[in-house]
Amino acid sequence: SQELEQSPQSLIVQEGKNLTINCTSSKTLYGLYWYKQKYGEGLIFLMMLQKGGEEKSHEKITAKLDEKKQQSSLHITASQPSHAGIYLCGADIGRGSTLGRLYFGRGTQLTVWP
Amino acid sequence: DAGVIQSPRHEVTEMGQEVTLRCKPISGHNSLFWYRQTMMRGLELLIYFNNNVPIDDSGMPEDRFSAKMPNASFSTLKIQPSEPRDSAVYFCASSLAEGPGNTIYFGEGSWLTVV
Chain D
1 SQELEQSPQS
11 LIVQEGKNLT
21 INCTSSKTLY
31 GLYWYKQKYG
41 EGLIFLMMLQ
51 KGGEEKSHEK
61 ITAKLDEKKQ
71 QSSLHITASQ
81 PSHAGIYLCG
91 ADIGRGSTLG
101 RLYFGRGTQL
111 TVWP
Chain W
1 DAGVIQSPRH
11 EVTEMGQEVT
21 LRCKPISGHN
31 SLFWYRQTMM
41 RGLELLIYFN
51 NNVPIDDSGM
61 PEDRFSAKMP
71 NASFSTLKIQ
81 PSEPRDSAVY
91 FCASSLAEGP
101 GNTIYFGEGS
111 WLTVV
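Protein chains in written order, with the working numbering: chain D, 1 to 114; chain W, 1 to 115.
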């Protein structure tokens, strides 16, 4: 989707290091979703953010949505090989659409080496 | 509880042949989405249904592609005739659209190779 830009495109980190993935929209985000995908598999839902300034955490993964609701970041603390995969941000950029159409960024390929 | 179920998981077909991909959404969900994923274009929304009715098919590439949802528990995506450039992973997803912020659940995908 041209509306969503993810950075970086790929990331290689050593186990134990922290990392951040960013997702920027050219439009206001009415819902921002983070998914993880492993090669050959489907997308696994991680978190969803709606309100400006909202922050959610699950285990060692934290996601934030900025106040203006146009950028989100995904932060992994003390990365592990199990965190490796492709992280995708998806956004509902329809004006409060209840149908939840999601448009996705190109993804960030994360490699964690021991 | 079963997730979104897609079939086939893998298909290799010759150019010109008809391809039918199938999807069973999560029981009780009223929205269904078909996405296509390629290296070049990433994940693209092709079409979505709400209560079995196609709401937006603007992402369907061309007339060779068609999708149906005859009932709440089944949908198909058909490509006829298929071309090599259709090779991709096709995902089906579903959600319960009760308001903003509905989680969309994805199937494992159907890997299509057209030779």
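The set of hints was computed from the structure by calculation and includes no laboratory data.
Don't take each hint at face value.
Restricting the straight-line Cα-Cα distance to at most 27 Å, the calculated cross-link-like pairs of lysine-lysine (DSSO-like) are [what the hints assert, rightly or not]:
(1) D/Lys-56 <-> D/Lys-38
(2) D/Lys-36 <-> D/Lys-64
(3) D/Lys-38 <-> D/Lys-68
(4) W/Lys-68 <-> W/Lys-24
(5) D/Lys-17 <-> D/Lys-64
(6) W/Lys-68 <-> D/Lys-68
(7) D/Lys-51 <-> D/Lys-27
(8) W/Lys-24 <-> D/Lys-36
(9) D/Lys-56 <-> W/Lys-68
Structure-inconsistent hints, enumerated in ascending order | 3, 6, 9
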